[in-house]
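Just so you know, the protein sequences line up as chains D and W, in that order. Here the first sequence is numbered in the numbering used here, starting from 1 and rising by one per residue. Here the second sequence is numbered in the numbering used here, starting from 283 and rising by one per residue.
Bear in mind the hints are in silico, worked out from the structure with no lab data behind them. These numbers were taken from a predicted model, which means no experiment stands behind them. Positions of the beta carbon are idealized from the N, C-alpha and C atoms, including for glycine.
Taking CB as the label site, the calculated pair distances span:
| id | chain 1 | residue 1 | chain 2 | residue 2 | range |
| --- | --- | --- | --- | --- | --- |
| 1 | D | Lys-111 | W | Val-322 | 25 to 33 Å |
| 2 | D | Ala-28 | W | Gln-524 | 24 to 32 Å |
| 3 | W | Gly-476 | D | Ala-170 | 46 to 54 Å |
The list that follows gives simulated cross-link-like pairs (lysine-lysine, DSS-like), each with its CA atoms no further than 30 Å apart:
| id | chain 1 | residue 1 | chain 2 | residue 2 |
| --- | --- | --- | --- | --- |
| 4 | W | Lys-332 | D | Lys-111 |
| 5 | W | Lys-332 | D | Lys-105 |
| 6 | W | Lys-470 | W | Lys-566 |
Below, each chain spelled out in residue letters.
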Amino acid sequence: MTKLTRVRAGRHLHGGPLTYAVLIVFTAGSLFPLVWTAIAASRNSTRLSQTPPPFWFGGNLFKNLQTAWTDANMGLALLNTAVVAGSIALGTVLFSTLAGFAFAKLRFRFKNLLMLLVIATMMVPPQLSVVPLFMTIAELEWTDQLQAVILPTLVSAFGVFFMRQYLVQALPGELIEAARMDGASSLRIVWHIVFPAARPAMAVLGMLTFVAAWNDFFWPIIALTQDNPTVQVALANLGQGFVPDQSVVMAGALLGTLPLLLAFTLFGRQIVGGIMQGAVKG
Amino acid sequence: MRPYTDQAVSPSAGDAAADRPGAVPAAAGRPGDTGRRRAVRSRRYRWDMKYSPYAFVAPFFVFFAAFGVFPLLYTGWSSLHRVSLSAPNDMQWVGLHNYTRLLEDEFFWNALRNTFTIGIISTVPQLLMALGIAHLLNYRLRASGFFRVAILTPYATSVAAATLVFVLLFGRDYGMINWVLDAVGLGKVDWQSGTLSSQVAVSSIVIWRWTGYNALIYLAAMQAVPNDLYESAALDGATRWQQFLHVTIPSLRPTILFTVVVSTIGATQLFGEPLLFGGAGGQKGGASHQFQTLGLYLYEQGWFNFHLGRASAIAWAMFLILLIVAGIHLLVARRLRKSQ
Chain D
1 MTKLTRVRAG RHLHGGPLTY AVLIVFTAGS LFPLVWTAIA ASRNSTRLSQ
51 TPPPFWFGGN LFKNLQTAWT DANMGLALLN TAVVAGSIAL GTVLFSTLAG
101 FAFAKLRFRF KNLLMLLVIA TMMVPPQLSV VPLFMTIAEL EWTDQLQAVI
151 LPTLVSAFGV FFMRQYLVQA LPGELIEAAR MDGASSLRIV WHIVFPAARP
201 AMAVLGMLTF VAAWNDFFWP IIALTQDNPT VQVALANLGQ GFVPDQSVVM
251 AGALLGTLPL LLAFTLFGRQ IVGGIMQGAV KG
Chain W
283 MRPYTDQAVS PSAGDAAADR PGAVPAAAGR PGDTGRRRAV RSRRYRWDMK
333 YSPYAFVAPF FVFFAAFGVF PLLYTGWSSL HRVSLSAPND MQWVGLHNYT
383 RLLEDEFFWN ALRNTFTIGI ISTVPQLLMA LGIAHLLNYR LRASGFFRVA
433 ILTPYATSVA AATLVFVLLF GRDYGMINWV LDAVGLGKVD WQSGTLSSQV
483 AVSSIVIWRW TGYNALIYLA AMQAVPNDLY ESAALDGATR WQQFLHVTIP
533 SLRPTILFTV VVSTIGATQL FGEPLLFGGA GGQKGGASHQ FQTLGLYLYE
583 QGWFNFHLGR ASAIAWAMFL ILLIVAGIHL LVARRLRKSQ
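Next up, chain D with everything else stripped away, as it sits in the complex:
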């Protein structure tokens, strides 16, 4: 009987038809430019210079993908980007977990001051460091080499903060104390207790970092050229007239986006969960 007196409100209300209608329109708007990228990539430049614009797929998709792969250096770009984004994600996850663990569970001098420093650095924009970084890689002759884009982004203040917030509550202090009683060194504790406990957050941080590194734009287009590009550098050159055929440009955009879209169809729920989880704590 209590069920009858209980009021349905807030998130226990079911969405009405209007809710679905708006959500479907919004979702369609979110997906449409991506679908249309594929449509445009399957046409040719003559067809893209006609009205009305094409609404369905043509027959040139594979030819255009092939042209983008060879002429715009997309093959090398994809490989490079996988290496760059993979290294950055790995480095960020590892270093953030170590630092996050220290900030969450260990005692040391200047801890609060250092944590404050980490938080403050989350705000520093990349523009503030490009000029000296450019001078440095010019001096070291690192232009066009992948370490020039890997090293500067190998750690992340957000990552440290994220792992600290997670480990504060996910890692019981007694567990560490018990291991210490048994004579385990800090390194053993990290390997056998911290890493297993942090694994879900490490996975989320890894995915978010990978996406961000894959799509990083500003520094890579300064540090790299078309000879040894990441995907974004190759796309920037495509957009600035490197290949005049617009359907090839779209094929390049499609190639550069597909790996992440594939990852999203596989791990979409985890990524959504990670963003929402980060939001509540952030």
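We have chain D already, so just place chain W on it with the hints.
Only chain W this time, still in chain D's reference frame:
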């Protein structure tokens, strides 16, 4: 992910206990050979306790010092010099010249103005729409998982890929958007050359990429609102809209503030969208610099006009703007906390 799965938490403790008898207090006071070994071990333990925390945070701070702090300061230093891109290590001291020049530079003010207007046009509709979508997603829905992933796909699309598509969609003669506008009788718009129209087009790329992401952040915050609040509001006869206005929005204030700050930071740095929207020669931000942002102006000065010193001064001006934003954020946050 696989390698760790089998290592539960307990085995480590057990196996550590087997080969290392207590290094801790129990060791004290026992005579003989084992005593010395224990002393070594406890010294090692103390060192471990004392220094390993620093070892754990060191990688972050070493990299951060090398690629964050040092460049930040050095940018300040080079902003006081005349530095050419062709000979970046040959620096001539010019004092504050780069800054005073900036103040008289109409292109700088133009870029500042554009950054500001594009920031407003892209952030305000984006966050309002995100709030609305989050509110709808907060109802009980079929396929809610699908909606959440689908609205996040623009976030997976890079700035470059997204902008290349939008350039075609916004094409003056053959673009989809003008075709639709023409079909409904509104007439075509020249999205490239108009000041407002080009800024709207650039903003729409930002809006497309980030609305879903922000909606999910709002959704997370909405799910943390205790449902009792809605129930009692409903008992008092509040409609859905009133509940949204008087329960949801007030509870979300800190999150809204957070997203405003993050979006503002992003808007201050806007770069890739206007660069690629301009096509070849995009660093100008359009034929009459109508959508050149501060980030683009920095890039043009440094890497097309070869003035790295001036570029550094622009970077520090951007930093100053961000500090002002942060200051306003702190003030607003404090005011909010007091009012609650």
